[in-house]
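Undergrad: Here are the chains, one letter per residue:
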Amino acid sequence: MIFLRRQLPLLITMITGLVMAAQYYVPHPASEQLLTTVTKWLQIIGGFALVLGITSLFHVHAAKIRRKEAGWAYSLVLYVGMLGTIIVGLWNNGKESIDGALTSFGWVYSYTLVPLQGTMFAILAFFIASAAYRSFRARSREAAVLLVAAVIVMMGRVPLGEYILPLSGDLSSWILNVLNASVRRAILIGVSLGAVALSFKIIFGVERSYLGGGKE
Amino acid sequence: MELSFGVILGAWIATGLTLFILSFLYEDNPLFKLAEHLYVGVSLGYTIVKTYDTVIMTLIVRPILEKGEWSLLIPVGIGMLMLTRYVPKAAWLSRYAFAFIVGVGAGLAIPRTISSFILKQIEDTVRPLLGIAPGGGVTFDYSLLNPASHLNGIIILIGVVSVLFYFFFSVEHSGPGKAVARAGILFLMISFGAAFGYTVMARMSLLIGRLTDLIEFSDASYGRPTLWLVLLTVATLIVLSRRASTHPPNQ
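These protein sequences, in sequence, are chains D and S.
Each step along the first sequence adds one to the number in my numbering, with nothing skipped, and position 208 is 216.
Each step along the second sequence adds one to the number in my numbering, with nothing skipped, and position 52 is 294.
Some clues are possibly wrong.
Derived coverage of chain D by chain S (criterion: at least 3 residues anywhere in the stretch with Cβ under 8 Å from a Cβ of chain S; other residues may be distant) [said to hold, decoys possible]:
hint : region
1    : 21-29
2    : 122-130
3    : 149-161
Using 20 Å as the maximum straight-line C-alpha spacing, the simulated EDC-like pairs for lysine to aspartate or glutamate come out as follows [said to hold, decoys possible]:
hint : chain 1 : residue 1 : chain 2 : residue 2
4    : D       : 103       : S       : 295
5    : S       : 275       : D       : 77
6    : S       : 420       : D       : 150
7    : D       : 48        : S       : 308
8    : S       : 309       : S       : 295
Derived from the structure by calculation, the hints contain no laboratory data.
None of these values were measured; they are calculated from a predicted model.
Cβ atoms here follow ideal geometry from the backbone N, Cα and C, with glycine treated the same way.
Could you put the whole structure together from the sequences, leaning on the hints where they help?
TA: Below you can see the structure in the form of structure tokens.
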């Protein structure tokens, strides 16, 4: 039983990992077909992972409504929004528009989801600005550098900023395309080295936390 | 132009929801919570419908029924194993699904990450310091505005090496190493500042988009939803604020 519960999953990880790593170095139509098939399989399995997440959220809010906890009416709003969208979406086969005409699902997307999402992210601008005002004091040389870079980029992204500080446009482009690019590249190299190391650890069974806890 | 009932109703709902969320700038209130929970519900419903359409119908049902691709039942079976997590005695079966996903992911990542994110990035960083002039001899491009110039190439090389060195803790950052690490910190701070500025401006752009919609929906052809709903939102906030001051919540 320990083989089925512990060793077989590790074996599956090792075999699939080695096969998919080797696939990259085999320039053959069969190898390409394998990649296409496995990618499609991953998408299908990922869909089931979504079921796990959704049912968890479902349980949390269902319990809130059942126990009439504080704010249970908001959970009801969540349910109504979700079920309403699902019904309308399935009714229209998941299509937002047909022949250029907006379906009722497209209507929900355009007049509910887009404004909600846009405004939710937009109000973050105020909180970022407020947090910056409180924490961005140039207490050290490094903080001052960060502050100056942020101001230049902000000024350089809008016509008014360029009007007030004529050099800010070019300076902003240089900061983003050269200085920022070099840091992103260094971080990317570091993260990639870590990812490769972790992948090897997973394939060879050193890293096993993805299997979850439990005695067996 | 005569607007349809659907467009007018949409304008009223979009305006209301926008204002309800913006009301959070005053304080946390029931209107914001209502819009917030509706956002979670609608986006979840949208994701479910899209997943149903792109995964269940497009990747599973249609290929099986129309092309007879019965081999697709294998990933369906593996995916179903994930759901055994809800049955404590059979929960260990879900390990097979996770083992498959993680194994494939790790296997795919190794060669592709090395090729695209390590070797390609190093190749783009280590460039010739001088160029060859058309008539012979060498040239050096000083232009700061051209990211591919030789001067910028040197700056990028210094940036990449110093930032990588800053994160390299196997040697002590002292002497010349300290200077390199300090340069790395400087590059990092500039990058963080740039990322911050860029994020703020992206959010501002979203805010301008929402305000543009509010201005458009203040038109008489929509029934001036912006005007009426601003009044309604403000009135509701005043009533809620007064009720909170006369009936403070129980500690």
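Undergrad: With reference to the structure, classify each hint as holding or not holding.
TA: Hint check:
{"no.": "1", "hint": "21-29", "in the structure": "holds (count 9)"}
{"no.": "2", "hint": "122-130", "in the structure": "holds (count 9)"}
{"no.": "3", "hint": "149-161", "in the structure": "holds (count 11)"}
{"no.": "4", "hint": "D/103 / S/295", "in the structure": "holds (9 Å)"}
{"no.": "5", "hint": "S/275 / D/77", "in the structure": "holds (15 Å)"}
{"no.": "6", "hint": "S/420 / D/150", "in the structure": "holds (15 Å)"}
{"no.": "7", "hint": "D/48 / S/308", "in the structure": "holds (17 Å)"}
{"no.": "8", "hint": "S/309 / S/295", "in the structure": "holds (18 Å)"}
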